[in-house]
Amino acid sequence: MPILALDTVSKSFGALKVADQVSFALEKGEALGVIGPNGAGKSTLFNLITGNFHADSGTIAFDGADITRQAPMARCLAGIGRTFQIPQPFEKLTVLENLLVAAAFGSRRAESDVGGYCADILVATGLIGRANQLAGSLGLLQRKRLELARALATDPRLLLLDEIAGGLTEGECYELVETIRAVHRRGVSIIWVEHVLHALTSVVDRLLVLHFGKVIGIGQPGDIMESRAVREIYLGIEV
Amino acid sequence: MNDHTLPSPAWTVSMRTRASSVSAAVALVVVALAFAVPFFATRAVLQDLFFILTMLVLAQGWNLLAGYAGLVSVGQQAFVGFGAYAMFAAVSLLGLDPLAGILIGGLAAAALAVPTAFFVFRLEGAYFAVGTWVIAEVVRLSLAQWKALGGGTGTSLPSGATRDMAGVRLVADWLGVRAAQATDIVCYWLALLLAVATVGLIYGLLRSRHGLGLAAVRDNREAARSIGVDPLRIKSFVYLVVALVTGLTGALIYVQKARISPDAAFSVPDWTAYVIFIVVIGGIGTIEGPIVGVVVFFVLRNLLADYGSWYLLILGLIGIVIMLFAPSGLWGLFANRTGIQLFPVRRILTGTHNAQTIKGVPHG
Numbered sequence: 158m159p160i161l162a163l164d165t166v167s168k169s170f171g172a173l174k175v176a177d178q179v180s181f182a183l184e185k186g187e188a189l190g191v192i193g194p195n196g197a198g199k200s201t202l203f204n205l206i207t208g209n210f211h212a213d214s215g216t217i218a219f220d221g222a223d224i225t226r227q228a229p230m231a232r233c234l235a236g237i238g239r240t241f242q243i244p245q246p247f248e249k250l251t252v253l254e255n256l257l258v259a260a261a262f263g264s265r266r267a268e269s270d271v272g273g274y275c276a277d278i279l280v281a282t283g284l285i286g287r288a289n290q291l292a293g294s295l296g297l298l299q300r301k302r303l304e305l306a307r308a309l310a311t312d313p314r315l316l317l318l319d320e321i322a323g324g325l326t327e328g329e330c331y332e333l334v335e336t337i338r339a340v341h342r343r344g345v346s347i348i349w350v351e352h353v354l355h356a357l358t359s360v361v362d363r364l365l366v367l368h369f370g371k372v373i374g375i376g377q378p379g380d381i382m383e384s385r386a387v388r389e390i391y392l393g394i395e396v
Numbered sequence: 097m098n099d100h101t102l103p104s105p106a107w108t109v110s111m112r113t114r115a116s117s118v119s120a121a122v123a124l125v126v127v128a129l130a131f132a133v134p135f136f137a138t139r140a141v142l143q144d145l146f147f148i149l150t151m152l153v154l155a156q157g158w159n160l161l162a163g164y165a166g167l168v169s170v171g172q173q174a175f176v177g178f179g180a181y182a183m184f185a186a187v188s189l190l191g192l193d194p195l196a197g198i199l200i201g202g203l204a205a206a207a208l209a210v211p212t213a214f215f216v217f218r219l220e221g222a223y224f225a226v227g228t229w230v231i232a233e234v235v236r237l238s239l240a241q242w243k244a245l246g247g248g249t250g251t252s253l254p255s256g257a258t259r260d261m262a263g264v265r266l267v268a269d270w271l272g273v274r275a276a277q278a279t280d281i282v283c284y285w286l287a288l289l290l291a292v293a294t295v296g297l298i299y300g301l302l303r304s305r306h307g308l309g310l311a312a313v314r315d316n317r318e319a320a321r322s323i324g325v326d327p328l329r330i331k332s333f334v335y336l337v338v339a340l341v342t343g344l345t346g347a348l349i350y351v352q353k354a355r356i357s358p359d360a361a362f363s364v365p366d367w368t369a370y371v372i373f374i375v376v377i378g379g380i381g382t383i384e385g386p387i388v389g390v391v392v393f394f395v396l397r398n399l400l401a402d403y404g405s406w407y408l409l410i411l412g413l414i415g416i417v418i419m420l421f422a423p424s425g426l427w428g429l430f431a432n433r434t435g436i437q438l439f440p441v442r443r444i445l446t447g448t449h450n451a452q453t454i455k456g457v458p459h460g
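In the order they appear, the protein sequences are chains A and B. Residues in the first sequence are numbered consecutively from 158, following the working numbering. Residues in the second sequence are numbered consecutively from 97, following the working numbering.
For reference, chain A alone in the conformation it holds in the complex:
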């Protein structure tokens, strides 16, 4: 049984179709990359999966259960974690507290033993030295790491990463990719929206291409990048 299955999911804002009959399935432990031009509906797709938006039609199933009408809180508890494209830290809480609140509400752990668990995540994401700093005082790289660390604190089985490598230097990007690989190795399924293709393809098993809210291709990264439709639409190459 796939961990996530979307069946003909659609969403419109007025006349604008941001998701148009989207169907795909993600196997347990799989990492899927999502690419597409700006405005293709990639972040919308995430918001539909996490419940921040509700689908107009179609169904979304997580681990076999229909979650189409569930609120984001319930989906988080079920095991869906996400990062935001523009980091959304709880600015007046410290880095540690950002993780504590995620672990205390979003994971099924007891409140008393989330401290060490969160500290371990801070070590793995390179934020341990800033644990007691206010999240509002962090720079971009640290904010992106905090997005990842906070999502991990909810103990997800499916992790949605929204352009987490964008705006980072080569070295910073490499470190982040290594962290994500480690998460993937532990068996967490991943859907990753990214423009930094070499980062993406070094982790994901398959690529999905979105264009005007439609899935126009899904398959092996090599095949996808070679396909005529993708080269025309996404890479803007005239064939």
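One should not assume that every hint holds.
What the hints assert, rightly or not - Computed cross-link-like contacts, EDC-like style, restricted to lysine to aspartate or glutamate with a CA-CA straight-line distance of at most 20 angstroms:
{"#": "1", "chain 1": "A", "residue 1": "Lys249", "chain 2": "B", "residue 2": "Asp359"}
{"#": "2", "chain 1": "A", "residue 1": "Lys371", "chain 2": "A", "residue 2": "Asp164"}
{"#": "3", "chain 1": "A", "residue 1": "Lys249", "chain 2": "B", "residue 2": "Glu318"}
{"#": "4", "chain 1": "A", "residue 1": "Lys249", "chain 2": "B", "residue 2": "Asp144"}
{"#": "5", "chain 1": "B", "residue 1": "Lys353", "chain 2": "B", "residue 2": "Asp260"}
{"#": "6", "chain 1": "A", "residue 1": "Lys371", "chain 2": "A", "residue 2": "Glu248"}
{"#": "7", "chain 1": "A", "residue 1": "Lys185", "chain 2": "A", "residue 2": "Asp213"}
{"#": "8", "chain 1": "A", "residue 1": "Lys174", "chain 2": "A", "residue 2": "Asp220"}
{"#": "9", "chain 1": "B", "residue 1": "Lys243", "chain 2": "B", "residue 2": "Asp366"}
{"#": "10", "chain 1": "A", "residue 1": "Lys371", "chain 2": "A", "residue 2": "Asp213"}
{"#": "11", "chain 1": "B", "residue 1": "Lys243", "chain 2": "B", "residue 2": "Glu233"}
{"#": "12", "chain 1": "A", "residue 1": "Lys249", "chain 2": "B", "residue 2": "Asp269"}
Hint data in this document are derived by calculation from the structure and do not stem from the laboratory.
Using the hints provided, position chain B relative to the given structure of chain A.
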């Protein structure tokens, strides 16, 4: 994360600071002293302290609503008045003990919060504030129709009702005082109990995961939803708890006053404007703030008592000046300079990793 190979270091998350250990000891002494006041103080002093304690409870409640949950209500008088009227109904119409009446007042206010939450939680920000005020007016106008409790002109508690209150005779015999003074003493002790319980409850709430959840919702609602925090649930809970505490306080205040009218029990200046003033000058979003604020308010009230309407003008002016130049209030000014927190809620991580010691910092 299970995959890092380093030996798992001993991490500790703590909330205690040196100042807080001292303040816990000081708080115990203050409460013990406050308990002993009736043994040597006059009735006038007791009544002043009763006023301070009840205003403190109202201010702590409003601070939890506005300062922590972002629910800026200007209609808390609805719960003061409703709790007071429920107590009056229990005592005057059902002949119950005023002590039972106070509990009924609190429960009635909490019950009123359920339907009002249904309406006002559909509103945000300024609309929420206006909504709470409208509801308070609706409740006031409705209770003014209750002829059995004096309608628009109000009524008094049956003579002797407070003298027969549980514990009053006991206190009168024990301390050798008249019934009227014993009533004041019992009311004072109840106010002290309510104040200590309220501060303890709020402090406990903020130290629990719900305190973090409230802060998360305040900082970023969408992100909070994505990590499993239910904003509506947590805000409803706070709204309900504050209604209960406010109702208990309203009922207690009117046991002591022994006379009620809709205009007094649902007074906007008395139960909301002064309360906001106390929280704002003391420091919103801290437990220490309302404590400082209520003392400052009491001193100002006594200093300005002889100046008629100048009193309100000067209070308003002070409020505006503080909001402009010290938005975190008098306590905020002090805490920012000294780093002292008497009721710390910051979680601080300490431990060692790769010879790198993570030390706690006193303030964030």
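Outcome of the hint check:
Pair hint Lys249(A) plus Asp359(B) does not hold up; C-alpha atoms about 41 angstroms apart against a cutoff of 20 angstroms. Using a Cα cut-off of 20 angstroms, the hinted pair Lys371(A) and Asp164(A) holds, with the two alpha carbons roughly 13 angstroms apart. Only pairs whose Cα atoms come within 20 angstroms are accepted, and Lys249(A) paired with Glu318(B) is accepted, the gap being roughly 16 angstroms. Between the alpha carbons of Lys249(A) and Asp144(B) the distance comes to roughly 38 angstroms, so the proposed pair goes past 20 angstroms and is violated.
With a C-alpha separation of about 15 angstroms, the suggested pair Lys353(B) and Asp260(B) falls inside the 20 angstroms cut-off, and the hint holds. Straight-line distance between C-alpha atoms of Lys371(A) and Glu248(A) comes to about 36 angstroms, which puts the hinted pair past the 20 angstroms bound. About 26 angstroms separates the Cα atoms of Lys185(A) and Asp213(A), which puts this hinted pair outside 20 angstroms; it is violated. For a cut-off of 20 angstroms, the pair hint linking Lys174(A) to Asp220(A) is broken: about 27 angstroms separates their Cα positions.
Using a Cα cut-off of 20 angstroms, the hinted pair Lys243(B) and Asp366(B) is violated, with the two alpha carbons roughly 24 angstroms apart. For the given pair, Lys371(A) sits about 15 angstroms from Asp213(A) by alpha-carbon distance, which is consistent with the 20 angstroms threshold. Restraint check for Lys243(B) and Glu233(B): the C-alpha separation of about 18 angstroms stays at or below 20 angstroms, so the hint holds. The suggested pairing of Lys249(A) with Asp269(B) is violated, with an alpha-carbon distance near 54 angstroms, which exceeds 20 angstroms.
Violation of the numbered hints given earlier is confined to hints 1, 4, 6, 7, 8, 9, 12; the remaining hints are satisfied by the structure.
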